[in-house]
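Take the sequences, apply the hints, and build the full model.
2 protein chains.
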Amino acid sequence: MQKSIRVLRVGQRYVRDDRTLTHLCLVSRALGAESIYLEDAEKDVVGTLEEVNRTWGGDFKAVLGSPWRRVIQEAKKEGRKVVHLTMYGLPIQEVVEDLRKENRLLIVVGGPKVPGKVYHEADYNVAVTPQPHSEIAALAIVLHEIQNGEELKRTFQKSRLRILPSARGKRVVEN
Amino acid sequence: MQKSIRVLRVGQRYVRDDRTLTHLCLVSRALGAESIYLEDAEKDVVGTLEEVNRTWGGDFKAVLGSPWRRVIQEAKKEGRKVVHLTMYGLPIQEVVEDLRKENRLLIVVGGPKVPGKVYHEADYNVAVTPQPHSEIAALAIVLHEIQNGEELKRTFQKSRLRILPSARGKRVVEN
Chain A
37 MQKSIRVLRV GQRYVRDDRT LTHLCLVSRA LGAESIYLED AEKDVVGTLE
87 EVNRTWGGDF KAVLGSPWRR VIQEAKKEGR KVVHLTMYGL PIQEVVEDLR
137 KENRLLIVVG GPKVPGKVYH EADYNVAVTP QPHSEIAALA IVLHEIQNGE
187 ELKRTFQKSR LRILPSARGK RVVEN
Chain W
37 MQKSIRVLRV GQRYVRDDRT LTHLCLVSRA LGAESIYLED AEKDVVGTLE
87 EVNRTWGGDF KAVLGSPWRR VIQEAKKEGR KVVHLTMYGL PIQEVVEDLR
137 KENRLLIVVG GPKVPGKVYH EADYNVAVTP QPHSEIAALA IVLHEIQNGE
187 ELKRTFQKSR LRILPSARGK RVVEN
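If you read the protein sequences in the order shown, they are chains A and W. Under the numbering used here, the first sequence is numbered contiguously, ending at residue 211. Under the numbering used here, the second sequence is numbered contiguously, ending at residue 211.
Honestly, the hints are just simulated from the structure, not real lab data. Only a predicted model underlies this, so the values are computations on that prediction, with no experimental measurement involved. Every residue, glycine too, gets a C-beta built ideally from N, C-alpha and C. A couple of the hints might just be wrong.
Said to hold, decoys possible - In silico EDC-like links for lysine to aspartate or glutamate, alpha-carbon gap of 20 Å or less:
#: 1; chain 1: W; residue 1: LYS206; chain 2: A; residue 2: ASP159
#: 2; chain 1: W; residue 1: LYS117; chain 2: W; residue 2: GLU70
#: 3; chain 1: W; residue 1: LYS189; chain 2: A; residue 2: GLU133
#: 4; chain 1: W; residue 1: LYS206; chain 2: A; residue 2: GLU130
#: 5; chain 1: W; residue 1: LYS189; chain 2: A; residue 2: ASP134
#: 6; chain 1: W; residue 1: LYS206; chain 2: A; residue 2: GLU157
#: 7; chain 1: W; residue 1: LYS97; chain 2: W; residue 2: ASP80
Unchecked claim - Incomplete in silico selection of chain W near chain A, CB under 7 Å:
#: 8; residue: HIS59
#: 9; residue: ILE172
#: 10; residue: ALA176
#: 11; residue: ILE177
#: 12; residue: ALA203
#: 13; residue: LYS206
Here you go:
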C-alpha cells in the first residue's frame with residue numbers, strides 16, 4: 037500500500053533561505069510525500085512547484101499558513117505518527133522498523149529555530165547520524181528508509197516530459 | 037572494510053551558492069566520505085569544516101583548486117570508480133549492487149552547468165529518481181546506498197562534543 041506521508045517545515049532561519057526551501061519541497065515531492073506545510077511567507081515556492089508538476093507530473097502540494105502546532109495536532113487526530121528530524125534524536129536505523137509499519141506519517145523538518153515543544157509533541161525524534169549536516173539530506177534518507185526504497189520506483193502521472201534513463205547523456209521524451 | 041569515498045563538485049551555478057555548498061560538504065563528511073574537491077573560489081567553506089571537525093571529530097578535508105578533469109583522471113589512475121549523479125542516469129537501485137563491490141569511489145555531484153564530458157568520463161551516470169530535486173539529497177541517498185547504511189553507525193575520532201541519542205530533548209556531553 038502506498039503510504040500517505042506529509043512534511044512540515046518548522047523553525048527556519050529568520051534570514052530567508054529560498055534555495056534550501058526549494059530543495060526541501062522538491063525532495064518531498066520526488067521521494068513520495070504528498071504535500072508540505074509551509075509558512076505564509078514562503079509562498080514564492082508555490083509557483084515553482086506548480087511548474088514542476090506540470091512538466092514532470094503528479095499533484096504534490098504546498099499548504100500555506102497553518103501554524104505548526106495545529107498541523108501536528110490535526111495530523112495526530114487523523115492517526116498520523118509525527119516524526120521530527122533532529123541530530124539529537126534516536127538513530128533512524130533503530131526506529132525504522134516501527135516507522136515502516138505506519139501508513140500515515142507527518143515528517144517534521146526542524147531548523148536552528150525549532151521550538152522545544154516540537155520535541156515533546158513528536159511521536160519520534162529521529163537522527164540521521166548524530167553529526168551536523170543538512171535537513172535536506174536527513175529528509176531524503178528518512179523518506180527513503182521509511183518507504184524501503186519503494187519511492188524510487190514511483191511514476192508521476194500526467195507529465196509533459198519524461199526521462200529515459202541512460203548510461204550516457206540525456207534522453208527526454210514528450211508525452 | 038571501510039570504503040574510500042571522495043566527492044567532487046562540478047558545474048555549480050555562476051551565482052555563489054554557499055548554503056548548498058556547505059550542505060554538500062557536511063553531508064559528505066557525515067555520511068562517510070573522506071574529502072570533497074572544490075574550486076578555489078569556494079575556499080570560504082574550509083574554515084567551517086575545520087570548526088566542525090574540531091567540535092564533532094574526524095578529519096574530513098576540502099581539497100581546493102584541482103581542475104575537475106584532473107581529479108577524475110587521477111581518481112581513475114588509482115582505481116576509483118567514478119559515479120556521476122544526474123537525473124538522466126541509470127536508476128541507483130539498478131546499479132547499486134555493482135557499486136557496493138567497489139572499495140574506492142569518486143562521486144561527482146553535478147549542477148546546472150555540468151560539462152557534457154563529465155557524462156562520458158564517468159564510469160556510471162546514476163539517478164536518484166528521474167525527477168528534479170536536490171543534489172544534496174541525491175548525494176545523501178547514493179552515499180547511504182553504496183555503504184548499505186553502515187555509514188550511519190560510524191563514529192568520529194577526537195571530538196570535543198558528543199551527542200547522546202534521546203527520545204526527547206537534547207543531550208550533549210563534552211569529551
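Of the numbered hints stated earlier in the document, which are not met by this structure? Nothing - there is no hint that the structure violates, so all of them hold.
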